[in-house]
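Asker: As a plain string of letters, each chain reads:
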Amino acid sequence: MKPLGLALFVSIGFLLSSMTLRAADAPAPLPQPSVEQRLADIEAYFNNTARATDGHAVSRIPGGGPGHSAWMMTSSALVLFMTLPGLALFYGGLVRRKNVLSVLAQCLGLAAVVTILWWLCGYSLTYARGSPFIGGWSFAFLRQVGAAPNGDYAQWIPHSLFAIYQLMFAIITPALTVGAIAERMKFRAVMFFSVIWMFVVYFPIAHRVWGTGGWMNGLANPAAGIKAIDFAGGLVVHMTSGWSALVLCLVVGKRHGHGREPMPPHSMVLCMTGTGMLWAGWYGFNAGSAAAADGVAVNAFVATTLSAAAGCFSWSAVEYFRRGKPSVLGLCSGAVAGLATITPASGFVTAGSAVLIGLAAGAATYFACNNLKARFGYDDSLDTFGVHAVGGTLGTILTGVFATAAANPISLRAQLPAWWGRPCGSSKSRPRRSCWSGRRRPRPESPGWSVSRPADCAWQATTRRSVSISPSTAKKATSSNELKR
Amino acid sequence: MKPLGLALFVSIGFLLSSMTLRAADAPAPLPQPSVEQRLADIEAYFNNTARATDGHAVSRIPGGGPGHSAWMMTSSALVLFMTLPGLALFYGGLVRRKNVLSVLAQCLGLAAVVTILWWLCGYSLTYARGSPFIGGWSFAFLRQVGAAPNGDYAQWIPHSLFAIYQLMFAIITPALTVGAIAERMKFRAVMFFSVIWMFVVYFPIAHRVWGTGGWMNGLANPAAGIKAIDFAGGLVVHMTSGWSALVLCLVVGKRHGHGREPMPPHSMVLCMTGTGMLWAGWYGFNAGSAAAADGVAVNAFVATTLSAAAGCFSWSAVEYFRRGKPSVLGLCSGAVAGLATITPASGFVTAGSAVLIGLAAGAATYFACNNLKARFGYDDSLDTFGVHAVGGTLGTILTGVFATAAANPISLRAQLPAWWGRPCGSSKSRPRRSCWSGRRRPRPESPGWSVSRPADCAWQATTRRSVSISPSTAKKATSSNELKR
Amino acid sequence: MKPLGLALFVSIGFLLSSMTLRAADAPAPLPQPSVEQRLADIEAYFNNTARATDGHAVSRIPGGGPGHSAWMMTSSALVLFMTLPGLALFYGGLVRRKNVLSVLAQCLGLAAVVTILWWLCGYSLTYARGSPFIGGWSFAFLRQVGAAPNGDYAQWIPHSLFAIYQLMFAIITPALTVGAIAERMKFRAVMFFSVIWMFVVYFPIAHRVWGTGGWMNGLANPAAGIKAIDFAGGLVVHMTSGWSALVLCLVVGKRHGHGREPMPPHSMVLCMTGTGMLWAGWYGFNAGSAAAADGVAVNAFVATTLSAAAGCFSWSAVEYFRRGKPSVLGLCSGAVAGLATITPASGFVTAGSAVLIGLAAGAATYFACNNLKARFGYDDSLDTFGVHAVGGTLGTILTGVFATAAANPISLRAQLPAWWGRPCGSSKSRPRRSCWSGRRRPRPESPGWSVSRPADCAWQATTRRSVSISPSTAKKATSSNELKR
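Protein chains in written order, with the numbering used here: chain A, 470 to 954; chain B, 470 to 954; chain C, 470 to 954.
Don't take each hint at face value.
Identical chains share a label here; the pair holds if one copy fits it or two copies do between them.
Stated by the list, open to error - In silico BS3-like pairs for lysine-lysine, Cα to Cα no more than 27 Å straight-line:
(1) Lys655 / Lys794
(2) Lys842 / Lys794
(3) Lys567 / Lys794
(4) Lys842 / Lys655
Hints in this document: simulated from the structure, not taken from any laboratory.
Using the sequences and the accompanying hints, generate a full structural model.
Answerer: Shown next, in the form of structure tokens:
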């Protein structure tokens with residue numbers, strides 16, 4: 470605990486010394502809104518687009534939207550529930566009886582420590598504007614993170630709600646890593662390692678993929694070096710935790726007696742209970758990543774369900790053909806693999822693609838957890854690498870293959886695997902709407918719902934040029950897509 | 470697993486051969502909406518009625534409504550949580566220790582298999598327009614099931630969200646049946662049986678009671694042969710699973726040693742944990758069945774709470790008077806009985822009726838699970854018949870007795886038990902609003918909020934003729950109803 | 470059970486004899502709303518303020534608002550989930566194995582009995598208008614509690630939803646008390662005691678602090694004798710249950726063998742599972758107490774998370790320095806202490822204050838549960854007094870210290886500890902908005918969004934005088950507050 474305390478003190482000191490108080494921006498006085506603008510503001514809430522009054526008039530509804538906020542608070546609670554007690558039970562059931570308490574303590578301890586880090590500077594380093602590689606300090610101590618939405622990330626939920634929702638991701642990511650070194654590391658070592666890991670891996674990667682101006686932010690940053698699209702964290706959560714888990718279990722070494730004595734899970738009841746909680750909580754994880762209760766969120770919800778079921782089915786089917794009968798552990802692992810694999814894709818793919826991704830996920834992770842681990846002999850105790858790294862990597866690749874504007878009416882021409890880093894955005898094809906629907910202010914050439922034009926301008930025509938996503942457009946896209954296939 | 474794979478392949482083949490691609494409907498171009506129509510559209514979101522622009526103008530908010538979608542995503546997650554891990558723990562705690570894993574595997578396996586069936590053709594056979602006895606194929610593979618609402622079922626949530634919510638019901642229904650044959654059937658037999666059962670029982674019955682044009686759809690189909698009203702599945706979920714469970718446990722026969730050796734539940738802690746999860750999840754089941762976060766949903770929420778508590782109380786009271794002390798199992802069973810019994814009634818009855826239904830439920834299921842089972846000697850291991858068939862049947866009858874427009878301002882003159890099949894709807898008294906609030910398009914004689922009339926037409930007068938349900942009307946109905954009683 | 474039955478019968482008799490049917494109020498006919506009023510009504514939904522049409526015109530959206538209702542149904546389910554199975558598992562894990570069933574039965578039994586009491590008269594005695602010390606009988610049997618909002622408590626959710634949400638608080642409060650006398654009282658004694666306790670302690674205290682016209686209602690009652698502010702029940706839930714627990718465990722006496730033989734918790738897995746459920750459910754408890762999905766709810770959500778983590782951290786840190794290593798029980802207790810302590814403050818304090826409150830909570834309750842209990846020798850089996858009374862009392866004091874208009878733009882000049890009872894409200898500084906945002910009708914001198922003024926009146930100017938809370942105002946308040954500190 471002492472090194473942890475020390476690390477915290479050092480970071481507090483560094484932070485305070487680098488912090489400067491900014492004078493509040495003095496906004497120019499705006500006119501009162503017209504009836505047309507007030508109506509358009511309310512309609513923007515339904516369509517999760519930027520307010521018509523932005524930069525033009527005072528908004529009468531400047532805060533979050535109740536429906537979107539309701540869903541995002543629910544989602545935040547669900548993602549916390551995934552870690553406490555979902556993941557704790559899932560992992561706790563898989564270890565030997567003597568080690569279950571250590572897993573529980575690690576999950577709880579990580580929730581506490583990461584939350585404090587997030588408040589101190591984590592949120593700021595991830596989501597404040599800074600360099601393409603790391604965020605700035607302006608949101609340290611959650612300053613300036615209040616009830617007003619931050620248009621960079623979400624138009625219709627309070628900025629503080631976005632911050633707390635993202636915290637839940639920051640909690641579960643190091644907790645996933647714990648699975649690889651379960652039964653071997655002490656509590657204080659895990660805490661110390663995780664604090665370092667957050668600064669070295671999580672904050673920078675999350676900023677690059679999701680932060681405004683991030684170097685790999687393929688949706689909101691036209692200047693991104695690598696145009697990654699990652700809806701809910703295939704890269705940021707599952708790949709970082711999974712690959713780190715592999716490195717970590719190679720560094721830490723094997724458990725005493727590994728390979729010589731059996732180390733069966735001590736309670737499949739706990740493991741299955743954890744699986745159910747993870748599945749239910751994953752709806753907050755994936756559908757919540759729309760940062761709104763809109764059509765994209767619902768699409769993610771549907772894809773998540775189908776992929777989880779397909780993963781569960783395909784792992785069991787492989788197990789059945791190879792061993793003669795499926796196991797409870799297989800059903801659980803397959804479901805989690807399906808969930809992890811659909812994560813980066815959930816907001817971008819159709820129902821059919823989700824089933825295919827889930828089927829691929831179950832089979833691929835089955836072979837990774839059985840054949841690959843046996844062949845190379847690393848001791849990935851609870852298959853964090855096998856499920857999360859393999860699933861997350863597969864999902865990130867398949868997102869590039871299956872992402873379609875039919876599922877998410879973003880102008881996705883970039884249907885090659887995003888992490889290949891090919892330049893994919895000409896000015897015509899660049900994404901017009903991020904997965905967070907976020908832009909700070911309307912760009913002059915793409916004014917959202919145009920409030921300055923006369924009311925008789927064609928809605929249909931405007932839709933094609935604007936950021937608005939109306940379900941009727943989505944439906945058309947689906948139909949034409951279906952016909953072409 | 471082989472028969473299952475075979476069954477799936479056969480159904481896929483059948484499906485693909487019978488499927489024809491439809492050309493997309495070419496809608497006639499509609500005019501832009503007026504300010505009056507835009508306002509009326511937004512107000513329709515609050516009142517969960519049809520859009521004023523339907524058929525008259527382009528809607529600026531054609532997708533789902535954020536608040537309703539938020540609640541329905543939450544509800545879907547809650548209903549999944551009822552099965553995984555809720556029901557798995559409830560049943561898992563009641564069996565002997567050696568059989569707990571088989572129960573967990575069956576619940577997980579059913580979630581996987583039913584989800585895939587639902588995507589393939591289950592949703593389509595249940596909810597697509599077809600004959601009065603079975604649905605059509607137009608929604609197979611969830612085609613044409615996207616972000617736009619399907620007015621047949623819900624005006625303000627995406628069609629795909631409705632489909633995934635209904636999937637959760639399709640998962641839990643066969644899982645309930647498992648309780649009757651727990652400890653006796655193999656995993657693959659349960660899977661195989663359940664696939665057949667879905668096609669033979671669930672899809673047809675659910676279509677008849679809830680599908681558009683269904684033969685027993687007493688709310689939305691004026692031509693229904695039997696005018697059943699079933700808010701959240703007393704008939705579709707609890708009666709089908711409960712009665713099937715009875716047949717199944719008679720066919721399968723008794724457990725070895727039944728009646729000769731004691732078979733006590735192995736863990737009341739698991740059982741009680743499952744009960745708590747079922748209770749919490751049931752809010753998604755019942756209140757979610759309004760397909761919106763409106764007053765009907767809240768009414769169902771209240772009725773569910775009161776009936777669960779009353780069932781818990783009355784089972785324990787009977788147990789206390791007959792055995793001298795209540796048991797944990799009794800408290801759990803009573804709560805579940807109260808929940809199952811209120812299910813068909815929850816959206817139609819007042820608070821006082823809900824308490825009465827709960828009290829009746831606890832007592833009736835107590836006698837069914839103790840006296841009836843002892844007398845006839847069938848081996849209903851976990852009382853699926855005793856709780857769900859008896860409770861569901863009682864609830865379906867009592868729905869007819871207690872349903873009132875005070876709780877749900879549908880024009881319910883049909884207060885006789887719905888399944889008696891008496892013709893109850895003259896043109897004057899036919900239900901004007903389904904429990905799903907759904908109609909595809911405004912009927913000329915009942916135009917919802919009339920957008921073409923001048924703004925000064927009386928709202929109060931219009932309300933009585935329209936489908937709009939304003940709480941002020943509800944309140945008045947309640948008051949007058951209270952005075953009459 | 471007999472005394473309980475008797476008590477119920479007596480209260481029913483008393484109730485029925487004192488009940489009189491009221492004639493329904495005949496409202497004067499109101500004019501139809503103008504476009505301006507309809508727009509203002511919809512905007513009031515976003516800002517969670519009173520309808521512009523109140524008293525001026527018929528509202529087209531008289532019921533609940535979908536987003537707010539969605540969050541409040543979710544919150545109600547979450548708070549129930551805290552008791553069943555959250556608290557049951559938390560307490561169940563801490564007792565000896567032989568007593569776990571009694572704890573589960575008590576939690577379930579209390580849920581049943583309190584729900585029936587609440588329906589009979591509990592809600593009415595707490596929230597109906599009556600004297601400053603106890604509510605009236607007008608809401609007995611939940612009569613007149615329907616889909617229309619009750620402006621005294623919440624503008625945008627159905628009255629019945631408010632009633633059922635508050636029921637969940639009434640269930641968990643006596644269940645918390647159970648922790649102090651676990652392993653010593655019989656089921657029927659606990660039930661009997663709790664029924665009495667509800668009438669003697671809970672209904673009166675809750676009415677005084679939260680009821681309209683309550684004697685200690687510092688937010689909504691300008692004439693309150695004691696101006697308490699209690700956002701989510703630090704006083705009403707944690708102090709009442711915690712101090713009652715102390716009295717009760719002194720009266721009941723120690724467990725056999727207390728102090729002579731060890732009584733270790735039988736399962737930290739159950740305890741930790743319960744902790745996770747409590748944490749997730751607490752979001753419904755605290756953020757739900759805004760009775761809306763608005764900025765105040767989000768503020769409570771953030772504060773709850775930070776305080777739970779800080780409490781977990783600080784308890785463990787103290788344990789580490791005093792014993793050399795943290796324990797799972799310590800991590801769980803610290804989290805619950807952080808949650809209990811932030812409860813009264815969550816809707817009133819900033820993120821930084823929440824961290825400080827959490828840190829104080831973990832340390833204070835550590836010493837209360839270890840040193841204080843050892844010194845005075847009372848047998849508080851599961852530390853209900855140590856965590857809930859000490860935490861709740863500390864939180865109620867710190868609420869007075871840290872409450873700020875930056876977190877909740879109520880005109881809070883009363884920053885002294887509210888329970889000190891100092892008169893703090895001159896006519897200029899009296900709270901203009903209750904924590905429930907509730908006022909029955911617009912007061913003439915403070916008309917909310919003024920619908921009768923011409924549309925060109927300044928929004929900014931109006932905001933300062935009205936009850937509307939716009940995030941832009943909140944942001945400004947935050948900025949100026951930050952600068953001053």
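Asker: With identical chains treated as interchangeable, where does the CA-CA distance between Lys842 and Lys794 reach 27 Å or less: within a copy, between copies, both, or neither?
Answerer: within (21 Å within a copy, 34 Å between copies)
Asker: If the cutoff is 27 Å on CA atoms, where do Lys567 and Lys794 land: within, between, both or neither? Let me know, please.
Answerer: Result: close only across copies, 17 Å inter versus 29 Å intra.
Asker: Is it within a copy, between copies, both, or neither that the alpha carbon of Lys842 lies no farther than 27 Å from that of Lys655?
Answerer: The answer is within: 24 Å in one copy meets 27 Å, while 31 Å across copies does not.
Asker: Is it within a copy, between copies, both, or neither that the alpha carbon of Lys655 lies no farther than 27 Å from that of Lys794?
Answerer: For Lys655 and Lys794, only the inter-copy Cα distance (11 Å) is at most 27 Å; the intra-copy one is 37 Å.
Of the numbered hints stated above, none is contradicted by the structure.
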